[in-house]
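Colleague: Sequence:
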Amino acid sequence: MNESQNVSRSHDDNPQTARAQMPNEPSVPRLLFNPPIDIYETTDGLVLYADLPGVSADGLDLQVQDNRLALFGRVTRKPTEVNDAEVVHQEYKIGDYLRSFILSDEVDHDRITARLNNGVLRVELPRAKRTEPRRIEVSAD
3 MNESQNVSRS HDDNPQTARA QMPNEPSVPR LLFNPPIDIY ETTDGLVLYA
53 DLPGVSADGL DLQVQDNRLA LFGRVTRKPT EVNDAEVVHQ EYKIGDYLRS
103 FILSDEVDHD RITARLNNGV LRVELPRAKR TEPRRIEVSA D
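Counting in this note's numbering, the sequence shown runs from 3 upward without gaps.
Source of the hints: derived by calculation from the structure; they are not laboratory data. Glycine included, every Cβ here is placed at the ideal spot set by N, Cα and C. One or more of the hints may lead you astray.
[Stated by the list, open to error] Distance windows between CB atoms, simulated: (1) Gln67 x Leu33: 17 to 27 Å; (2) Ile138 x Leu33: 21 to 31 Å; (3) Ile104 x Arg136: 45 to 55 Å; (4) Asp40 x Lys131: 23 to 33 Å; (5) Tyr94 x Ala59: 16 to 26 Å.
Taking the hints into account, I'd like the entire structure generated from these sequences.
Modeller: Below, the structure is given as structure tokens:
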């Protein structure tokens, strides 16, 4: 399954059943959601916000490899259960989150930072410093 997408692609509310796997964990079928993403451009680069309810910092895997930013969030909260009762209506589904983006060469991969606060992930994608034009001296033989 290829979850890569351009920044401009819209998010999909429909979960998919897939084999979600964190590093060093066995693969099990789970619901996967594309988390809603907001991206802002600042003078320093881009700032990405992802809504990840139910994901703790320990359940979050954020990686950059080959110009691809990949986000996987494992939800550790179990559905609420009531003794001797069955669910008759449920709007909140429990599942994991998976989203990835292709990064341009303008992003400095070594300076990317991320912070999770109350289920909202903030990823700062700073612009790479551009080399200043310079004159190159030419020597003669």
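Colleague: Now, for every hint given, state plainly whether the structure supports it.
Modeller: Verification of the supplied hints:
no.: 1; hint: Gln67 x Leu33: 17 to 27 Å; in the structure: holds, 25 Å
no.: 2; hint: Ile138 x Leu33: 21 to 31 Å; in the structure: violated, 57 Å
no.: 3; hint: Ile104 x Arg136: 45 to 55 Å; in the structure: violated, 31 Å
no.: 4; hint: Asp40 x Lys131: 23 to 33 Å; in the structure: holds, 26 Å
no.: 5; hint: Tyr94 x Ala59: 16 to 26 Å; in the structure: holds, 21 Å
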